[in-house]
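Build out the structure end to end from the sequences listed, making use of the hints.
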Amino acid sequence: MRLRTNYFRRCPRKYCCLSRSNYASIIDEASLAPDLESPAGLGLLDFYPLPHFGEEPFTQDVEKTIVRYGQRYDLRTLNNHQAILIDDNSQALKGDY
Numbered sequence: 522m523r524l525r526t527n528y529f530r531r532c533p534r535k536y537c538c539l540s541r542s543n544y545a546s547i548i549d550e551a552s553l554a555p556d557l558e559s560p561a562g563l564g565l566l567d568f569y570p571l572p573h574f575g576e577e578p579f580t581q582d583v584e585k586t587i588v589r590y591g592q593r594y595d596l597r598t599l600n601n602h603q604a605i606l607i608d609d610n611s612q613a614l615k616g617d618y
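Residues in the sequence shown are numbered consecutively from 522, following the numbering used here.
Just so you know, these hints were derived from the structure itself, not from any lab.
Warning: the hint list may mix true and false statements.
What the hints assert, rightly or not - Pair by pair, the computed Cβ-Cβ distance ranges are:
no., residue 1, residue 2, range
1, Arg589, Ala554, 18 to 26 Å
2, Gln581, Ser552, 30 to 38 Å
3, Leu557, Ala604, 16 to 24 Å
4, Ser611, Pro578, 27 to 35 Å
5, Lys615, Leu563, 16 to 24 Å
6, Ile605, Glu577, 16 to 24 Å
7, Asp582, Gly616, 31 to 39 Å
8, Asn543, Thr580, 19 to 27 Å
9, Asn610, Gln581, 29 to 37 Å
For each residue, glycine too, the CB sits at the ideal point set by N, CA and C.
Next up, the structure:
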């Protein structure tokens with residue numbers, strides 16, 4: 522599925538348009554996804570998920586991301602045993618999966 526940036530331009534929520542944000546660039550290597558047209562999300566969250574918190578080999582990159590973007594974006598860390606569940610209009614971080 523290809524996501525196009527213009528789909529997310531009229532976003533009613535504060536943070537859901539991730540097309541202009543490159544906060545994941547420290548962790549994600551763009552060259553590994555050459556067909557990805559946009560880093561935009563689906564517009565379901567009002568925060569920025571930051572996965573792999575406290576998990577090797579990502580610990581240093583996650584910390585760098587927090588230092589660089591933590592004041593600018595509402596980052597929410599998740600470790601590799603957590604998930605974000607979305608049900609209707611509610612969002613919850615669940616653990617130990």
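Exercise for the section: Please flag the earlier hints that this structure goes against, numbers listed from lowest up. Expected result: 2, 7
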